[in-house]
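Each chain, letter by letter, is given below.
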Amino acid sequence: MYRTAQRRIVIPFLLPALALLGVFFLYPLVRVAVISTNEFSRTGKSTFAGLDQYQRLLEDPSYGDALVNTFMMTFVGGCMLFPPAVAMAWALSQRIHGERFFRFVVFAPVVLSAAVVSLMWKFLLHPTLGLINPALESMNLGFLAKTWLGDPALALPAVAFVLVWQGIGIWVVLLSAGFERLPKEVLEAGRIDGAGEWRLFRSVMLPMMNDVFRVLIVLWVVQSMQSFAFVWIMTRGGPFGSTEQVVTLSYRTAFEFGDLGYAAAMGIALVAIMLAVALLLNRLLKRDALEY
Amino acid sequence: MRSMRLLAGVALLSLVVTACGDSGNPDENAPDPKSWRDDIKGSALEVGVLSAEGTPGLELLRGLADGLAKDYQGTDVTLTFANTEARPAIEQRWRAGKPLDVDYGMFDGTDPELHVWADDGALLNLKPYLEQNDPDTGKPWLDSFSPTIRKFMENPGDGGIYGVPSELSLHVLFYNAKIFTDLGIAPPATWDDLTSAVDELKAGGVDPIAITGLIEPYMGMWSDHLWLRTVGYDKARQVLSEGKGHITDDPGFLDGLEKLQYLRDQGAFMKGFEGTDFTAAQAQFFQGKAGMILMGSWLVSEMASVIPKDFELGVVAFPTVPGGKGDQGAVMAALQQVSIAAESQNIPLSLEWARRLTGVDFQTKRANEIGEVSAVAGVPSPPGIPGIDKVISGAESLNPRDFGLTVSPAKDVVYPEIAKLLFGKQDAKATLDALDAGLRRVHGN
Chain A
1 MYRTAQRRIV
11 IPFLLPALAL
21 LGVFFLYPLV
31 RVAVISTNEF
41 SRTGKSTFAG
51 LDQYQRLLED
61 PSYGDALVNT
71 FMMTFVGGCM
81 LFPPAVAMAW
91 ALSQRIHGER
101 FFRFVVFAPV
111 VLSAAVVSLM
121 WKFLLHPTLG
131 LINPALESMN
141 LGFLAKTWLG
151 DPALALPAVA
161 FVLVWQGIGI
171 WVVLLSAGFE
181 RLPKEVLEAG
191 RIDGAGEWRL
201 FRSVMLPMMN
211 DVFRVLIVLW
221 VVQSMQSFAF
231 VWIMTRGGPF
241 GSTEQVVTLS
251 YRTAFEFGDL
261 GYAAAMGIAL
271 VAIMLAVALL
281 LNRLLKRDAL
291 EY
Chain B
1 MRSMRLLAGV
11 ALLSLVVTAC
21 GDSGNPDENA
31 PDPKSWRDDI
41 KGSALEVGVL
51 SAEGTPGLEL
61 LRGLADGLAK
71 DYQGTDVTLT
81 FANTEARPAI
91 EQRWRAGKPL
101 DVDYGMFDGT
111 DPELHVWADD
121 GALLNLKPYL
131 EQNDPDTGKP
141 WLDSFSPTIR
151 KFMENPGDGG
161 IYGVPSELSL
171 HVLFYNAKIF
181 TDLGIAPPAT
191 WDDLTSAVDE
201 LKAGGVDPIA
211 ITGLIEPYMG
221 MWSDHLWLRT
231 VGYDKARQVL
241 SEGKGHITDD
251 PGFLDGLEKL
261 QYLRDQGAFM
271 KGFEGTDFTA
281 AQAQFFQGKA
291 GMILMGSWLV
301 SEMASVIPKD
311 FELGVVAFPT
321 VPGGKGDQGA
331 VMAALQQVSI
341 AAESQNIPLS
351 LEWARRLTGV
361 DFQTKRANEI
371 GEVSAVAGVP
381 SPPGIPGIDK
391 VISGAESLNP
401 RDFGLTVSPA
411 KDVVYPEIAK
421 LLFGKQDAKA
431 TLDALDAGLR
441 RVHGN
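Line by line, the protein sequences are chains A and B.
With the numbering used here applied, the first sequence covers 1 to 292.
With the numbering used here applied, the second sequence covers 1 to 445.
Just so you know, not all the hints are guaranteed correct.
[What the hints assert, rightly or not] Below, a sample of chain A positions facing chain B; criterion: calculated Cβ distance under 10 Å: (1) K45; (2) T47; (3) L129; (4) S138; (5) G150; (6) T235; (7) F240; (8) G241; (9) E256.
[Said to hold, decoys possible] Listed below are the simulated DSS-like cross-link pairs for lysine-lysine, each with C-alpha atoms no more than 30 Å apart in a straight line: (10) B/K271 / A/K146; (11) A/K45 / B/K151; (12) A/K45 / B/K202; (13) B/K202 / A/K146; (14) A/K45 / B/K98; (15) B/K139 / B/K41; (16) B/K34 / B/K178; (17) A/K146 / B/K151; (18) A/K146 / B/K244; (19) A/K45 / B/K127.
[Claimed, not checked] Label-pair distances were calculated between CB atoms; the ranges are: (20) A/A115 / B/K271: 27 to 33 Å; (21) B/G121 / A/A115: 34 to 40 Å; (22) A/E59 / B/T279: 36 to 42 Å; (23) A/L144 / B/R62: 44 to 50 Å; (24) A/E180 / B/Q287: 50 to 56 Å; (25) B/T279 / A/A153: 33 to 39 Å; (26) B/Q73 / A/L51: 53 to 59 Å; (27) B/A437 / A/Y27: 39 to 45 Å.
I should point out that these hints are in silico values taken from the structure, not numbers from a laboratory.
These numbers were taken from a predicted model, which means no experiment stands behind them.
Note that beta-carbon positions come from the ideal geometry of N, C-alpha and C, so glycine has one too.
Extracted from the complex, chain A is given alone in its bound form (with noise of 0.2 Å):
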């Protein structure tokens, strides 16, 4: 009785939510899905190809590098994003002088738009008319110096970089409020054990993080293999297609080449593989929940 009245509460609730979700996810992943059956020619014309589309995939080197490289971005951002995180969202955590005014600048870069973020770093990385080499050969550290995004092997590392400092501060604010919910009498109990803010760092608030960490990582796998404007203003993908990404590639054969159902194919492989990564670091990152 209590659980049907509860039901009938709760549904009207949800109908804007799954309505959102129906029109806006639902209905463009079908779409998709069918588009992805059919060939189709520049001009639009279509006609039913099954699973050829899906099995072209499976012949394609191109799509297999560009997987590659969508794990290597989601690998290489993930590194450099959650120490640094992790390290400003705990000293932000602590009564600090200024603490406003940190979070101010590591929460900025978020309001840009990745356009914008894109084209700024595309300028401040160039190798001889922006600032970071010449600033580099001002310290004396000329040795630094690259062709940041013209190096097959500093190009993906140098946009995970910049996909990296816009988005930093939401996982700042994130992890920060992990932080403050942290049980405060548990910490006490620490340091009246004798341990120092280090080990009670390590030992008690990073396993006690874990269900956020978990939330996190799947979160930003999930955002890292969308970095689809980054790559394409500040490298379309080069050099030689070393930041060439599953997305990018979609755009391309869509949109320059005209084949939709292919392009289609690689959006939907891309999503099946996604929800296979998330349910298996969920299920990797599962740990028994902390009872305090």
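Given chain A's structure and the hints, the job is docking chain B onto it.
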């Protein structure tokens, strides 16, 4: 029985009427070619343009739009940016059945990949209209265009004409004439001249060649031109874009790549080109930091706002390769053509826009004021590009740029490998092997 006869009669009449219809003008929406000017009425008109906001080229087009609005009451012309960056979105509009009335890049008779819009009936066949006498000249509108460029305008499939050229972009080697004069270097006419010029520019402390390393097709312009000289247009196109034969069959391909490797090893390309965008590369040329740049003749109008007043520009055709088995007198070109949507709501007004755009008066104004090279007969060479007239008169043939690679999946095979060669990641032979493997894969041959 009687009704059967009646039905047969109607069917026969329908067949006769259909057969007697104007086969050159199949578009139901299209006006009569002989009297289309009488049907021009003012309305909204959306026109694709290649000039970006804030450029003098766009101002000229705005003037053309104002003239049309003045002559035909109710005309409201919207100029929509339709250059490379905007093409994906604009092509989506065509696919969705909401095309621009007049647009660029929809047809190129020399590129089978770009026949498809005409073949599918999306474009108006302009031939019946071009064959009518133009009231301004008293001659057919078609006569305004040089016969050498008709192959770009005509669809080999049905003989129709689906584009009229508004700009002719020639791929040429620009050089800084002041630097060349100061250092006593002659503009390069042959491959040996070019390599000598590179040495002399380096000795003079100038980076020899400006190039972008961030956009692969711009690096590919060098291999395209070398193959034009060492292989020839037809053969290179067959192998690269059409999958006919293999790149290892003709030694000219390796010869071209070895020449490119030679330039690389010579240090011909400007410092830091690997991380330099194309606009920055062009700007560095005009700032005198590099001696040469291989680019389309659009360079001058595109960069008009940053070219120093005292900059002395020179232009030559891509150097010949003595002993090369390809086309030594050919020039690569991109003909920027406007096409009219078969579904345009105002085809007469669209035709009038195209006619005015390709008229001698407007084309002359563009040549003089913004340095655009025209494909229209009787229009002078732009004074802002000294030497372009010699390139045009000396061209034995105009061949479409890039062998059609940019609209072929082979683009993703060819240009990345050329970039690797220029970046020093592989030598000419390794590049050839990688190209061979990639082309066999995409063409399945």
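So, going through the hints one by one against the coordinates:
A least Cβ separation of about 7 Å between A/K45 and chain B falls short of the 10 Å threshold, and the interface hint therefore holds. At about 13 Å, the closest approach between the beta carbon of A/T47 and any beta carbon in chain B exceeds 10 Å, and the interface hint on this residue is violated. A cut of 10 Å between beta carbons decides the hint on A/L129: the least distance to chain B is about 6 Å, and the hint holds. A hinted interface residue such as A/S138 counts as satisfied when its beta carbon comes closer than 10 Å to some beta carbon of chain B; here the least separation is about 17 Å, so the hint is violated.
With a least beta-carbon distance of about 3 Å to chain B, the hint placing A/G150 at the interface is held under the 10 Å criterion. Taken as an interface hint, A/T235 checks out: its beta carbon lies about 7 Å from the nearest beta carbon of chain B, inside 10 Å. A hinted interface residue such as A/F240 counts as satisfied when its beta carbon comes closer than 10 Å to some beta carbon of chain B; here the least separation is about 4 Å, so the hint holds. Of the supplied interface hints, the one on A/G241 holds, with its beta-carbon coming within about 5 Å of a beta-carbon of chain B, less than 10 Å.
Because the closest C-beta pair between A/E256 and chain B is about 7 Å apart, less than 10 Å, the hint holds. Distance check on the hinted pair: B/K271 and A/K146 sit about 11 Å apart at the alpha-carbon level, within 30 Å; holds. Restraint check: the Cα-Cα separation between A/K45 and B/K151 comes to about 26 Å, which is no more than 30 Å; the hinted pair holds. Between A/K45 and B/K202 the alpha-carbon distance is near 54 Å, which puts this suggested pair outside the 30 Å criterion.
A C-alpha spacing of about 22 Å is found between B/K202 and A/K146, which places the hinted pair at or below 30 Å, so the restraint holds. Note on A/K45 and B/K98: the hinted pairing holds, with a Cα-Cα distance of about 15 Å set against a maximum of 30 Å. At roughly 24 Å between alpha-carbon atoms, B/K139 and B/K41 fall within 30 Å of each other, so this suggested pair holds. Between the alpha carbons of B/K34 and B/K178 the distance comes to roughly 53 Å, so the proposed pair goes past 30 Å and is violated.
Proposed proximity of A/K146 and B/K151 is contradicted: the alpha carbons are some 46 Å apart, above 30 Å. Distance restraint check for A/K146 and B/K244: the Cα-Cα separation of roughly 41 Å exceeds the 30 Å cut-off, and the hinted pair is therefore not satisfied. Taken as a hint, the A/K45 and B/K127 pair is honoured in the structure, with Cα atoms around 26 Å apart against an allowance of 30 Å. Hint check: A/A115 to B/K271, Cβ distance near 28 Å, so the stated range 27 to 33 Å holds.
Checked against the hint of 34 to 40 Å, the pair B/G121 and A/A115 passes, with Cβ atoms roughly 37 Å apart. Judged by the Cβ atoms, the range 36 to 42 Å given for A/E59 and B/T279 holds: they are separated by roughly 37 Å. At about 49 Å, the beta-carbon gap between A/L144 and B/R62 stays in the expected band of 44 to 50 Å. At about 53 Å, the CB distance of A/E180 to B/Q287 agrees with the hint of 50 to 56 Å.
Here the CB-CB span from B/T279 to A/A153 is close to 25 Å, at odds with the stated 33 to 39 Å. At roughly 57 Å, the beta carbons of B/Q73 and A/L51 sit within the given window of 53 to 59 Å. Take B/A437 and A/Y27: their Cβ atoms lie about 41 Å apart, and the range 39 to 45 Å holds.
Of the hints listed earlier, those the structure fails to meet are numbers 2, 4, 12, 16, 17, 18 and 25, in rising order.
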